[in-house]
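Asker: For the sequence shown, numbering that gives the first Met the number 0 begins at 0 and goes up steadily by one.
Treat the hints as calculated values from the structure; they're not laboratory data.
Heads up, the beta-carbon is just placed ideally off N, CA and C, and yes, glycines get one too.
Some hints could be false.
[Stated by the list, open to error] Simulated DEER-style distance windows between Cβ atoms:
1. Gln117 to Pro58: 34 to 44 Å
2. Tyr101 to Ala76: 14 to 24 Å
3. Thr106 to Arg3: 48 to 58 Å
4. Thr32 to Arg3: 15 to 25 Å
5. Pro58 to Val95: 18 to 28 Å
6. Ser2 to Val69: 29 to 39 Å
7. Thr106 to Met7: 20 to 30 Å
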Amino acid sequence: MVSRVLSMGLRAFQLICAILVTAFMANNIDRATNGTHSIVNYSLFVGVWWLLTLLYFLPTSFIDKFSIPVVDVAFDALSVLFSFCAAVALAAYLGVHSCSDYGYTSTNGVCNSSANTQQNCRQAQATDAFLWFGWAAFVATLVINIMNGRGSGANLRGGIRRGGPSMSQV
0 MVSRVLSMGL RAFQLICAIL VTAFMANNID RATNGTHSIV NYSLFVGVWW LLTLLYFLPT
60 SFIDKFSIPV VDVAFDALSV LFSFCAAVAL AAYLGVHSCS DYGYTSTNGV CNSSANTQQN
120 CRQAQATDAF LWFGWAAFVA TLVINIMNGR GSGANLRGGI RRGGPSMSQV
């Protein structure tokens with residue numbers, strides 16, 4: 000019961016992070032006049048990926064019979080991988096600088112896609128923060144799904160289970 004409530008809360012938090020990441024990066028892309036950096040596009044992909052996986056996860060949080068343990072673990076693992084890559088790469092491209100420094104924002108490839116480089120910089124920094132928050136939430140749900148899959152006797156390896164007795168029953 001506790002893991003179900005915790006999982007539902009984490010899924011709701013993931014939805015908030017996904018909406019914010021998608022909104023910030025889509026706004027940066029929409030306002031771009033000079034094209035956008037590839038990490039901006041990849042960050043938008045991660046936000047959309049989260050939204051698509053949550054279309055599967057939100058119903059399965061309420062109705063257990065729709066849940067497939069292997070799919071749960073696979074989607075969470077891919078989300079962890081994609082978001083970690085995006086968060087690290089975006090932080091590396093941004094560096095640790097003040098968005099008020101025009102010299103920095105006008106020369107940074109992530110920030111200089113439109114005339115308002117300061118807004119681009121702040122949105123990219125906020126996106127990076129929410130990528131890390133989302134990554135932590137997906138790591139937590141991945142651990143919960145692995146623990147639930149092992150404890151319930153679900154076969155996380157897939158394949159066909161043979162009907163014969165096990166060694167302990169012989």
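Asker: Run every hint past the structure and note whether it holds.
Answerer: Do the hints match the structure? See the list:
At about 41 Å, the CB distance of Gln117 to Pro58 agrees with the hint of 34 to 44 Å. The hint said 14 to 24 Å for the Cβ distance between Tyr101 and Ala76, and at roughly 41 Å that hint is violated. With their beta carbons about 49 Å apart, Thr106 and Arg3 fall inside the hinted range of 48 to 58 Å. Taken as a hint, the range 15 to 25 Å is violated for the pair Thr32 and Arg3, whose Cβ atoms sit roughly 48 Å apart.
One distance hint, 18 to 28 Å for the beta-carbon pair Pro58 and Val95, is violated here, with the actual separation near 40 Å. Between Ser2 and Val69 the CB atoms are about 18 Å apart, so this pair departs from the stated range of 29 to 39 Å. A beta carbon spacing of about 44 Å between Thr106 and Met7 contradicts the range 20 to 30 Å that was offered as a hint.
Checked against the numbered hints above, the structure violates hints 2, 4, 5, 6, 7; every other hint is satisfied.
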